[in-house]
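Trainee: Sequence lines, in order, name chains Y, B and A. Sequential numbering of the first sequence, starting at 0, is according to numbering that gives the first Met the number 0. Sequential numbering of the second sequence, starting at 0, is according to numbering that gives the first Met the number 0. Sequential numbering of the third sequence, starting at 0, is according to numbering that gives the first Met the number 0.
Since the hints were derived computationally from the structure, they do not count as laboratory data. Hints should not be assumed to be uniformly reliable.
[To be verified] No more than 35 angstroms apart at the CA atoms, straight line, and that leaves these computed lysine-lysine pairs for DSBU-like:
{"no.": "1", "chain 1": "A", "residue 1": "199", "chain 2": "B", "residue 2": "309"}
{"no.": "2", "chain 1": "A", "residue 1": "277", "chain 2": "B", "residue 2": "113"}
{"no.": "3", "chain 1": "Y", "residue 1": "152", "chain 2": "B", "residue 2": "309"}
{"no.": "4", "chain 1": "B", "residue 1": "316", "chain 2": "Y", "residue 2": "191"}
{"no.": "5", "chain 1": "Y", "residue 1": "116", "chain 2": "Y", "residue 2": "277"}
{"no.": "6", "chain 1": "A", "residue 1": "277", "chain 2": "A", "residue 2": "130"}
{"no.": "7", "chain 1": "A", "residue 1": "52", "chain 2": "A", "residue 2": "34"}
{"no.": "8", "chain 1": "B", "residue 1": "229", "chain 2": "B", "residue 2": "10"}
{"no.": "9", "chain 1": "A", "residue 1": "277", "chain 2": "B", "residue 2": "316"}
{"no.": "10", "chain 1": "A", "residue 1": "34", "chain 2": "B", "residue 2": "309"}
{"no.": "11", "chain 1": "B", "residue 1": "10", "chain 2": "B", "residue 2": "206"}
{"no.": "12", "chain 1": "B", "residue 1": "229", "chain 2": "Y", "residue 2": "191"}
{"no.": "13", "chain 1": "A", "residue 1": "168", "chain 2": "A", "residue 2": "47"}
{"no.": "14", "chain 1": "B", "residue 1": "10", "chain 2": "B", "residue 2": "214"}
{"no.": "15", "chain 1": "B", "residue 1": "309", "chain 2": "A", "residue 2": "47"}
{"no.": "16", "chain 1": "B", "residue 1": "309", "chain 2": "A", "residue 2": "277"}
{"no.": "17", "chain 1": "B", "residue 1": "113", "chain 2": "B", "residue 2": "206"}
{"no.": "18", "chain 1": "B", "residue 1": "309", "chain 2": "A", "residue 2": "168"}
{"no.": "19", "chain 1": "Y", "residue 1": "89", "chain 2": "B", "residue 2": "309"}
{"no.": "20", "chain 1": "Y", "residue 1": "191", "chain 2": "Y", "residue 2": "152"}
{"no.": "21", "chain 1": "Y", "residue 1": "89", "chain 2": "A", "residue 2": "34"}
{"no.": "22", "chain 1": "Y", "residue 1": "276", "chain 2": "B", "residue 2": "316"}
{"no.": "23", "chain 1": "A", "residue 1": "120", "chain 2": "B", "residue 2": "309"}
{"no.": "24", "chain 1": "A", "residue 1": "168", "chain 2": "A", "residue 2": "34"}
{"no.": "25", "chain 1": "A", "residue 1": "120", "chain 2": "B", "residue 2": "316"}
{"no.": "26", "chain 1": "B", "residue 1": "316", "chain 2": "Y", "residue 2": "277"}
{"no.": "27", "chain 1": "A", "residue 1": "277", "chain 2": "A", "residue 2": "34"}
{"no.": "28", "chain 1": "B", "residue 1": "229", "chain 2": "B", "residue 2": "214"}
{"no.": "29", "chain 1": "A", "residue 1": "168", "chain 2": "B", "residue 2": "316"}
{"no.": "30", "chain 1": "Y", "residue 1": "116", "chain 2": "Y", "residue 2": "21"}
{"no.": "31", "chain 1": "Y", "residue 1": "191", "chain 2": "B", "residue 2": "10"}
{"no.": "32", "chain 1": "Y", "residue 1": "152", "chain 2": "Y", "residue 2": "89"}
{"no.": "33", "chain 1": "Y", "residue 1": "152", "chain 2": "Y", "residue 2": "21"}
The structure presented is a predicted model; accordingly, all values stated were derived computationally and were not measured.
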Amino acid sequence: MSNKNRVCPIVTPVRPTLAVYKFASCDGCQLSILNLEDDLLALGETLDIAYFPEASSEMRDGPYDIVLVEGSITTPDDAHRILAVRQQAKTLITIGACATAGGIQALRNWSDVETFKQVVYPSPQYIHSLSTSTPISDHVRVDFELWGCPIDKGQLLRVLTDLLAGVQPRLPADSVCLECKRRGHVCVVVAKSLPCLGPVTRTGCGAICPGMGRDCYGCFGPTEGGHEGPGVPPNTGSLARQFNEELNLIPVEVVRRFRGINGSVGSFERESDVWDKKT
Amino acid sequence: MAEHTSHLLSKPSFQQLIDVLRSSGYRVVGPIVRDGAVVWDTVQQTGDLPIGWRDIQEPGRYRLEQTGDDRIFGVVHGPQSLKPFSFAPRESLLTIERTQNGFATTPTIPQSEKVAVLGARPCDVAGLAIQDRVFLRDAYADPYYQARREGLFLVTVHCTRALSTCFCASMGTGPRATSGFDLALTELPEGFVVEAGSSAGEDILAKLERRPATKEAINAANSRIASCAKSQMRALDTSHLPQALYDAHEHQRWDDVAARCLACGNCTMVCPTCFCHAVEETPDLDRQRSEHTRLWDSCFTQEHGYIHGKNVRPTIKDRYRMWLSHKLASWIDQFGSSGCVGCGRCITWCPVGIDLTEELPALLKPDARNTNRQT
Amino acid sequence: MESHAQPASSASGSAFHTQAPINPYDIHMATIVEKRRETEGIETYRLKLVDEKVRHAYRFSAGQFNMVYAFGVGEVAISIVSDPDEPEFLDHTIRAVGRVTNAIARLQLGDALGIRGPFGKGWPLEEAQGKNIVIVTGGLGCAPVVGAIEYIFRRRSQYGAVKILHGVKTPHDLLYRERFDAWRQHPNTEVLLTSNQPDKTWHYHIGVVTELFEQVAVDPARTVVLMCGPEIMMRLGVPILMQRGIPASAISVSLERHMECGIGLCGHCQLGPYFLCKDGPVMSYDRVAFWLSRTGV
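The task is simple: from the sequences and hints, build the whole structure.
Mentor: Put into structure tokens, the structure is as follows:
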């Protein structure tokens, strides 16, 4: 063991504990963990999986070394619960678009939740929802964010591998296009005039949709997410103009492109609002 | 060219070229139709090639259409040049394993594979020569590139049709390839005029059923290539480069193009000469083994200009200026030639159709905002 | 072997088979034989290449750098700060600021690091023989020039007056304190230190390094300047030196950019027409002045 740790010592305890918590979400990101297959076994050996209700009925109390959080905050209860989860977590990582950006359910942020309640539920008085869906980082400090709907299991593994070695994880924030071209896919904007969000969307998915001839719908969020400023990528304005002027999307269609899974994230939100005014 | 003896290969004999290459140990690769474009893939027979198709290319737009004719190489080109054959989009450089005392490395230089590429265009061949200069003729030769490059046998097809995006004539790289190929073909209705450009090419040619090309056939080939050059609608005047572009560093046009540029990096990914790459380290979960992988990178990424917590090229304007200034200007200082071969791919495959043949002249015009500015 | 189509620029017929089988990407293991704390977050690591053949063949010149590798994390470009006349041991002063350097900071004596190198062009010390030397550095920027100073003092008689001007933000940022004290002892040598955020312990100059220029006499025709530190220091400092008659061609600067390959192929370290990893990191100021004056390059 001493030799193993010589080159780059693991600073976390011998077998760090892992917990997985769920908030408003579809469980798809948790399924990505279960889909790790062989790597899941390795993960189980390296980490002590202490709390993961989706996978095991054994649930031990915290604190935990690493907590993965799936889902967004949509109820007053959850807004309290996330504070307790943060207290139990040495390192808190959000997994997926819901936890990182509010998710598809953040579409409610542009609507009247009270009206939805009245229409959907026979006894709406029992429904205690917030009027917004917000990312975890709006409520507590987040140590690392994984994008995607669902997350990429390879990215999750890379981040955990780095954390276990005490190394600051880092994931690329470039456009989907780079990976699309590396994989030899034909551009669906240029060859098919599809309104692909790849040029302004963060890489990480492996360019799955363009690889199947489909247009990217931005599930990994904007490129260079946290570094917004004038003249800095993503240039959503130029892509939106191209959708409208060359690919013949009417303004409401442009709004729908940007107001999707990551619709409430900075640049995507602003772009959808710009085109909302033109509808 | 005068020194090449020309032969005529009939259309039905084209299959024989594929067969001879295959029996000589080559995997034969050519353009095939896929997902609305042509891409490189392994071919077994002439029928795998895009016979009777042609491509229409415009800024930000690519379409294939059927012509009904029997041209084998009616499509000029697809999104990728020859670059991926020698400079792999993603490849392992080393695997590194823990040992008792530290670690041990194992270089993962690929086996050289014999690959014959059918239908490489003169601009592609010129692009490969530029990449050879970058990867092989400096203080260190890149052994990974070298292993892939060694196995390539290039069958170029001189161009007899120009796309609206082509400007090789102004860059001196086409529409006729003058060197760098093993065999060169010119497609005519009655067959192909063939020349060998290397002894390996001559060896293959010797095994083909062929007859000497008639004067008429050679003239027909020459005139088709010449009219292809004349028909090019775009051109790049590079006579004042590199200095004129260096002097345009503060030009207003950079702001204008930055408002359109997505910084998505597509232009760099399809460029036959762009060589930037990043190295990625991927350790196994138990950290007993790690892999050192390089992958195509782009000067449009955030990481490219990153140093000590700051980015020397934070804005899209900085990055587009870096790309264009490198491609058309500083490349000349670095490698003795332009980094542009005039293939036009960066124009077609830009999702918003930015056209460097429009940008360069605009950048070299006096700046409307501040004509007195002098650097 | 078959003769293949050759690139247009190639004159010979077999360019693909004549290269020596050197793999510039291969990493050589080295052991940490000494780890010395310089100041908060900055350590100097003395490395010894493990493979004896590699170690004996290894030569470097002052101002060159190595790509230093931490297992499973990656590589980072670090200048070699030791004496080029003792290439058996390679000193690297590393500040823990990024992923790789933080990982290195956790390593102890006897642990393994990887080395590729040496890369780049160093200081023009042979051309500077017989001249007076002025060395201007700021902060951790003094590291790349330390090897040059050792080189010069080993051949003290071959150089004229040596003036070392070094600026730090706070006294805690002063690295190599003993070395500065030792250099001071050499004949015909001045060492001037300054801090712009001093405390009570500081008994040298107070202010920025360019203010020290006024305290030294220079013979512009016989002076060579070696400079490294923040680019802003160079931008402000060089014009003052030039006003005193020192030509830009006599001023060498060591520059920094993102480096990944070290051999001019990955494209990241470009500054205008230069690849700083192979054309630099030490550059004559007259070659780079045009580029350093611009933003976004």
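Trainee: Now, for every hint given, state plainly whether the structure supports it.
Mentor: Verification of the hints:
1. As the CA atoms of residue 199 (chain A) and residue 309 (chain B) are separated by approximately 33 angstroms, the hinted pair is consistent with the 35 angstroms bound.
2. Using a Cα cut-off of 35 angstroms, the hinted pair residue 277 (chain A) and residue 113 (chain B) holds, with the two alpha carbons roughly 33 angstroms apart.
3. Taking the CA atoms of residue 152 (chain Y) and residue 309 (chain B), the gap is about 30 angstroms. The hint holds against a cut of 35 angstroms.
4. Between residue 316 (chain B) and residue 191 (chain Y) the CA atoms are separated by roughly 28 angstroms; this keeps the pair inside 35 angstroms, and the hint holds.
5. Between residue 116 (chain Y) and residue 277 (chain Y), the direct Cα distance comes to roughly 29 angstroms. Compliance with the 35 angstroms bound is thereby established for this hinted pair.
6. Between residue 277 (chain A) and residue 130 (chain A) the alpha-carbon distance is near 26 angstroms, which keeps this suggested pair within the 35 angstroms criterion.
7. With a C-alpha separation of about 24 angstroms, the suggested pairing of residue 52 (chain A) with residue 34 (chain A) holds against the 35 angstroms cut-off.
8. For the suggested pair residue 229 (chain B) and residue 10 (chain B), the alpha carbons sit about 27 angstroms apart, so the restraint of at most 35 angstroms is met.
9. At roughly 27 angstroms between alpha-carbon atoms, residue 277 (chain A) and residue 316 (chain B) fall within 35 angstroms of each other, so this suggested pair holds.
10. A C-alpha spacing of about 28 angstroms is found between residue 34 (chain A) and residue 309 (chain B), which places the hinted pair at or below 35 angstroms, so the restraint holds.
11. With a C-alpha separation of about 16 angstroms, the suggested pair residue 10 (chain B) and residue 206 (chain B) falls inside the 35 angstroms cut-off, and the hint holds.
12. Between the alpha carbons of residue 229 (chain B) and residue 191 (chain Y) the distance comes to roughly 30 angstroms, so the proposed pair stays at or under 35 angstroms and holds.
13. For the given pair, residue 168 (chain A) sits about 32 angstroms from residue 47 (chain A) by alpha-carbon distance, which is consistent with the 35 angstroms threshold.
14. The hinted pair formed by residue 10 (chain B) and residue 214 (chain B) meets the criterion: a straight-line CA distance of about 18 angstroms does not exceed 35 angstroms.
15. Only pairs whose Cα atoms come within 35 angstroms are accepted, and residue 309 (chain B) paired with residue 47 (chain A) is accepted, the gap being roughly 32 angstroms.
16. Restraint check for residue 309 (chain B) and residue 277 (chain A): satisfied, since their Cα atoms lie roughly 22 angstroms apart, inside the 35 angstroms limit.
17. Distance hint between residue 113 (chain B) and residue 206 (chain B) is fulfilled; the C-alpha atoms sit about 18 angstroms from each other, no more than 35 angstroms.
18. Between residue 309 (chain B) and residue 168 (chain A), the direct Cα distance comes to roughly 19 angstroms. Compliance with the 35 angstroms bound is thereby established for this hinted pair.
19. In summary, the hint linking residue 89 (chain Y) to residue 309 (chain B) is supported, as the alpha carbons are separated by about 28 angstroms, within the 35 angstroms threshold.
20. Using a Cα cut-off of 35 angstroms, the hinted pair residue 191 (chain Y) and residue 152 (chain Y) holds, with the two alpha carbons roughly 30 angstroms apart.
21. Distance hint between residue 89 (chain Y) and residue 34 (chain A) is fulfilled; the C-alpha atoms sit about 30 angstroms from each other, no more than 35 angstroms.
22. Distance check on the hinted pair: residue 276 (chain Y) and residue 316 (chain B) sit about 28 angstroms apart at the alpha-carbon level, within 35 angstroms; holds.
23. For a cut-off of 35 angstroms, the pair hint linking residue 120 (chain A) to residue 309 (chain B) stands: about 25 angstroms separates their Cα positions.
24. For the proposed pair residue 168 (chain A) and residue 34 (chain A), the alpha carbon gap of about 24 angstroms is at most 35 angstroms, so the pair holds.
25. Between residue 120 (chain A) and residue 316 (chain B) the alpha-carbon distance is near 31 angstroms, which keeps this suggested pair within the 35 angstroms criterion.
26. Restraint check: the Cα-Cα separation between residue 316 (chain B) and residue 277 (chain Y) comes to about 28 angstroms, which is no more than 35 angstroms; the hinted pair holds.
27. For the hint linking residue 277 (chain A) to residue 34 (chain A), the alpha-carbon distance of about 29 angstroms falls within 35 angstroms, and the restraint holds.
28. At most 35 angstroms may separate the alpha-carbon atoms for a hinted pair to count; residue 229 (chain B) and residue 214 (chain B) meet this at roughly 22 angstroms.
29. In summary, the hint linking residue 168 (chain A) to residue 316 (chain B) is supported, as the alpha carbons are separated by about 33 angstroms, within the 35 angstroms threshold.
30. For a cut-off of 35 angstroms, the pair hint linking residue 116 (chain Y) to residue 21 (chain Y) stands: about 23 angstroms separates their Cα positions.
31. Between the alpha carbons of residue 191 (chain Y) and residue 10 (chain B) the distance comes to roughly 32 angstroms, so the proposed pair stays at or under 35 angstroms and holds.
32. Distance restraint check for residue 152 (chain Y) and residue 89 (chain Y): the Cα-Cα separation of roughly 22 angstroms lies within the 35 angstroms cut-off, and the hinted pair is therefore satisfied.
33. Taking the CA atoms of residue 152 (chain Y) and residue 21 (chain Y), the gap is about 17 angstroms. The hint holds against a cut of 35 angstroms.
Hint check: no violations occur; every hint is consistent with the structure.
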